[in-house]
Amino acid sequence: MEAVLDADNISIVFGGLRAVSDFNFSIREGELVGLIGPNGAGKTTVFNMLSGVYSPTSGEINFMGRDGRETRLNGLAPYQITKLGIARTFQNIRLYKQLSVLDNVRIAHHQNVKYNSLDAILRTKRFYTEETKIEAEARELLAIFGIDDKRAELASNLPYGQQRKLEIVRALATNPSLLLLDEPAAGMNPQETNALMDLIAFIRKKFNLTILLIEHDMSLVMGICERIVVLDYGKIISEGVPDVVRKDPLVIKAYLGQEAIESA
Amino acid sequence: SKGSNTIKVGVILPISGQVSTYGIQCRDAIKLAFDEINAAGGVNGKKLEAIVEDDQASPDVTTNAFKKLTSSDKVVAIIGALTSKCSLAIADLAQAKKVVMISPTSTNEKVTLAGDYIFRVCYIDSFQGQVVAKFASETLKGKKAAVLYDVSNDYSVGLTTNFSDKFTSLGGTVVAKESYNTGDKDFNAQLTKIKAAKPDVLFIPDYYSTVSLIMKQVRGQGIKIPLLGADGWDEITNNAGEEALNSFYSNHYSPDANDPDVQKFVTSYKAAFNGTVPNALAALGYDDAYVLAAAIKAAGKTDSAAIRDALVKTNIKLVTGQITFDANRNPVKSAVILEVVKGADGKLTTKYNSTVNP
Amino acid sequence: MSFFGQLAQQTINGLALGSIYALIALGYTMVYGIVKLINFAHGDILMIGAFVGYFVLMSMGMSWYALLIAFAVSMVVCAIMGIVIERFAYRPLRDAPRINALITAIAVSLILENGARVIPFMGPNPREYPVLKNATFSLGSIEISNIQIIVIVVSVALMIVLNYIVNSTKIGKAMRAVSFDMKASALMGINVNFVISFTFALGSVLAASAGILFSSAYPQVEPYMGIMPGLKAFIAAVFGGIGSIPGAMFGGVILGIAETLTKGFISSQLSDAVVFGILIIVLSVKPTGLMGKNVREKV
Amino acid sequence: MTTKLRNFIILAGLSVIALVAVSLLIYVGVIDEYTAQILTLAGVNVIVALSLNLITGFTGQLALGHAGFMAIGAYAAAICVMHFHLPLFASLILGAFVTAIFGFFIGFPTLKLSGDYLAIVTLGFGEIIRVIMVNLKDLTGGAAGLKGIPSFTKDLTLQPTLSFTWVIAAMILVIVVMHNLLHSSVGRAIISIREDEIAANSMGINVFYYKMLSFTLSAFIAGLGGGLYATFFGYLNPTMFNFLKSCDFVIIVVLGGMGSITGTVISGFVLTYLQEFLRIMQDYRLVIYPFILLLIMLFRPQGLMGSHEFRLTSVFGPRAKRTAGGKEGV
Amino acid sequence: MLEVKNLNVFYGNIHALFDVSFKVEDGEIITLIGANGSGKTTTLHSISGIVPLKSGNVVYDDADITGIEPHKIVLGGLVQVPEGRRIFANLTVQENLEMGAYTRTDASEIKRDYDVVFTNFPRLKERRKQQGGTLSGGEQQMLAIGRALMSRPKLLLLDEPSMGLAPVLVDEIFEIIQQINKNGVTILLVEQNAYKALSIADRAYILETGRITMTGNAADLKNNESVKKAYLGG
Ligand SMILES: Nc1ncnc2c1ncn2[C@@H]1O[C@H](COP(=O)(O)OP(=O)(O)OP(=O)(O)O)[C@@H](O)[C@H]1O
Ligand SMILES: Nc1ncnc2c1ncn2[C@@H]1O[C@H](COP(=O)(O)OP(=O)(O)OP(=O)(O)O)[C@@H](O)[C@H]1O
Ligand SMILES: [Mg+2]
Ligand SMILES: [Mg+2]
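Protein chains in written order, with our numbering: chain A, 1 to 264; chain B, 265 to 622; chain C, 623 to 921; chain D, 922 to 1251; chain E, 1252 to 1485.
Chain A with its partners taken away, still in its complex shape:
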């Protein structure tokens, strides 16, 4: 199988700090990969480079869209990368707090909308059909995550856990083939985390997604990831299936800690 995403030796430097160095990574279609590592290892920074928020100081990123075309991502703006089919969530939630839940999702539909400004101004038939369609799709996604009944609430009024879910819904609404999740379970209790794991598995099937996720909750990472990449000080220190990675002494020392092994 071909790689959907291929990061070739990417590095980024902030001031004097080399936050990520020579990161080599690729992910195959349909894979679910976990990216873990100590705080400050550079995981979020990798996401930022993949999604175009920062561009790498060196190295190259290539992405193959659903249409089978390969595109070089270096230098593209985030919105262009989103159009190609990569969507992400944010570690520190960035919802449109003052807008309704439904609007948060509808905004993410924007690039797939098939009417133009003129249709909107003149309120053509196409406008109404499309709008009805968008709303239906948005509500369907919300329903999957069990928050359709909150659609009229302001996003800021949702409890933290539901805000995290809404982040995922919003990312899904851009119709991605590759989904980047940055700590989706942060702030959730074990109960909720379990439910989230099932949800991730469900959407992965339903929307035929490739998923890369960052998470510190080992029950989630070890539970659903097929492959794990471990980052420390911006470098990959270990890579492989969960059972191998969790026993890697380097990983234990840098990340998991002794106790985590015992309790797992």
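Calculated from the structure, these hints are not laboratory results.
Quick caveat: nothing in here was measured; it's all calculated off a predicted structure.
Straight-line alpha carbon distances no greater than 20 angstroms define the calculated EDC-like cross-link-like pairs of lysine to aspartate or glutamate that follow:
1. C:Lys658 - D:Glu1116
2. B:Lys488 - C:Glu765
3. D:Lys1075 - B:Asp380
4. B:Lys398 - B:Asp464
5. A:Lys83 - D:Asp1117
6. C:Lys792 - E:Glu1346
7. B:Lys361 - D:Asp953
8. A:Lys97 - D:Glu1230
9. A:Lys253 - E:Glu1423
10. B:Lys606 - C:Glu750
11. A:Lys97 - D:Glu1118
12. A:Lys97 - C:Asp717
13. B:Lys441 - B:Asp429
14. E:Lys1380 - E:Asp1364
15. B:Lys362 - D:Asp953
16. B:Lys362 - D:Glu954
17. B:Lys310 - B:Asp299
18. A:Lys97 - E:Glu1334
19. C:Lys658 - D:Asp1117
20. B:Lys374 - D:Asp1059
21. E:Lys1480 - A:Asp198
22. B:Lys272 - D:Glu954
23. B:Lys462 - C:Glu765
Given chain A, put chains B, C, D and E with the ligands in place with the hints provided.
Relative to chain A, chains B, C, D and E with the ligands alone:
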């Protein structure tokens, strides 16, 4: 308004805003004139009533004021506006509505060109600019002149053009023409340039407040040549120091002239307003009121066309001189040149220098 | 005068003007840096400062001693004014959107300048400002006045003091902490209200001294005198990188020189346009101004 | 569908009544010329304020130089009529286009700047426009201004009526266009920029493109307002478009509520009237007006409407829930 | 040491806390656990004086501190590490720590405390001169705790200190918390990670939609079936 015992006259002046001090003196003088006329029996048996609207020296507000006066108050004529830009904003409207409008002080040439209902009682920029140029060239024997003017003020721009044209036609050269914007405080850059051009005279056509600041910087740079100005300098003596010496400006009247009309006006104005000596704008407002009253009296009715016809034939001696109108409804009258001198009490004052006839 | 003579003279003129801009810009930039508010009233506080100085100097007569008193009284009055304005006009809006505070600042600015206009003992008429005897020093054909020298020296000194306060003192660090997160600052034991009042007081003190120096250099006081220099100084602050103290100084001086040279050698009509043009070019190359910190938002 | 039709009828009906009925009242003189003048002026103010609300209230980009755009539109339209003798209608549209072009070229370098930088650049731009108007003497009349700009009609008795009709019709048109655009996917994209630029970008929205779109459209509408202003007053002078004028529009927008079209309409009419009314206070007006403003900011900082819309249709029927975009009602 | 009596808090119309009462004794570690949005943060905020109380009292060190301004409460040694860290992004790591010591004047002691913090969090020492805002999430959390310690608290309120931390760090943080407690600081800990919290705490309170529904010995609660089900994931 038939049967009523008053004749309503609309007055549009800047009672507030940047030039309100001018507007207030002008308004007071107009009211003084109306009171005098009413005390003497009014006009055609009716009393004159001034309805004053504040134009804030802003053209669009002037338009609002004009509509209010003509449509809700139904005045028979308009005295105003004070600044040229405000007068320009309503001149076409007044002409279209056939309402007589007499501006006391708008010196921009285009104001009365709007049509035969528009008059003024002050002389126009071109005349004033020429008067100063003539004085600079003939009396001061200047060969090279410099001008420092406010490019965003039509008054200043107009005077600059007319001064330069006349000065050149009299054989002089304008060696430097520098400008600034309203509100500027630093003129050193322009003055350095002017100084380098070595002029014989420097013409500063602006209002006294800016002029007094410019004068300080002029003398501060060691430029000792005579400074020239126009009617905007009125009151410069209350606002400047020694640096104002050796300067001359043209004006509409001189409060110290021993003309009986002038003395009567100055005395009654002082009596009515806490001893304030009326400035030129007050004198013009006063004359404006008298010109209008005379025309209504001559017309015998308050019909606009009749007033206009009477105005054209105006020929009276007032505070600012003998007033008749030319074909463009501008007054034909003389200007005076005043010199800034130190008085006996050590304070600055003006001295009558000469009269320039049209 | 030779071309180079003129160039040198114009540069000196520009430096003098620019130092005044810099002085005003310092106050702007500091308040902005801490409270993130474009304090439109800054120029008007300058005006109040100038008026207070005027009344002091008129009642005492002009002397070095009187000038010092004038500075002191004017700084105190303006500091109180700054604190009062912050307390009643800005504090209630701390949690409101930024633009509301901006509107309030515009409103306060209008109230101050128009208030000064309608108050009988101030009034709309410009007044002559009492000044020290003008002494001019000349270097060849180039001339510089004592007031210009004072202005340049004072603004450099104030910049250094201010930079020290904000970057190296405890209250300065507290100011920066408050500027980032008021609630967290309170949890650290920082008295947020006090820190902000202090910031305004400091800004107003700067405005007061700028007011007296400004009206010594351009000896006239009137209610609207603060508008144009305020605006120009604000542009200088943005130009140098708003929030940056050396930036304000640098921006002010560059702006003054650019303006003067344009008037001197290109066109006095277009000097403002040229200055804004430069600003736009600089900002499109360096969006945070010449010395503004270019911090990328951590996502 | 039936509520859609009902809403349409209510809105269209009310617009027609507002326009035709009031025009008739002015024509027969029940509403005098002075009142008509103020109403028309308010209409112009509302148009320009709406344009500012588009960029500031909806897109979140603070602009402080809208009087400058208004000036371009006003002068461009006036010059088209007077120098090139184009028909009035064409001149108005052309004036708006010229303004939009300026908007485009100013937006291009500046919309990459963040909040306050944009504010200062637009402020500076507004001032430059004035300087340019003063210096382009041959076209603009310089400091003396442009006089005798042809009005909507030469017929004096019809003038107030027609001015009102033109201006208010244009205002209604602007409202409809803005409302329809903002309640669509494009509008949601624009609003999402206000809420969080980085997130918007990551949701596939070309942030710069939509900022440009909004800014250019805003300039277009402000230019249209300027053109109407020019023909309505018949006289232009650069000092009419100073910083304080820009402030007036900011004030209208904030008072009405940022991101509320109806708020802007209401506050535009209220403030225009208030300013005219306060004229009798003379210089005290200069203190009273900002004081009222201050009080409003202190006691109702979100403005009259917040970011809500006043829905006439909901007065006549069930209330629609508020959303930022899309069809009304969830 | 701390007693909270009948707190009622409203956000506009939303009633967030209903008659919340509890006690923290000198030297204890008390944990407050509850689901998302149950009001844990609100409780801590009302103790620190950041949100106004509708009714109720907060008594600290035998003094009623209800309604006292937040910065004055800190003077008494009641310090909070806020949820979401709230680092001063525009200050360096070092300056952030200085702000923690804002209320103190004992320069030499302060210097010693820097070393204490840097020994606990060597990572921070490396990044001393870096702007707080550019630290990673975990680094910021360390900084937030370090900053609070700089004020030498007597009672430390911790709001979800383990959120977003690597497992090895979570362990570390909990160890540090115990260490701090051993050094004589009383601790009120709010946690999502109920298992860990209950492991180190003496007593616990459970908060459900703004009400205290259960309280007891931490070890007992850890074995309580309903608690297990709701908060311990099985
Ligand atoms: N914009 C930036 N400027 C400077 N340094 C940065 C910036 N963004 C990230 N860094 C640095 O890069 C390193 C990696 O940060 P990153 O956010 O990627 O960590 P992370 O692995 O996601 O950690 P965590 O699990 O705590 O979220 C950190 O040391 C951080 O300080
Ligand atoms: N500023 C606010 N305005 C309105 N409602 C608020 C505000 N802050 C909190 N709430 C509401 O009050 C309730 C309690 O919130 P709180 O933040 O105290 O919960 P929490 O237990 O700390 O949750 P979490 O585990 O997510 O941090 C929630 O329903 C929340 O939505
Ligand atoms: Mg991260
Ligand atoms: Mg919480």
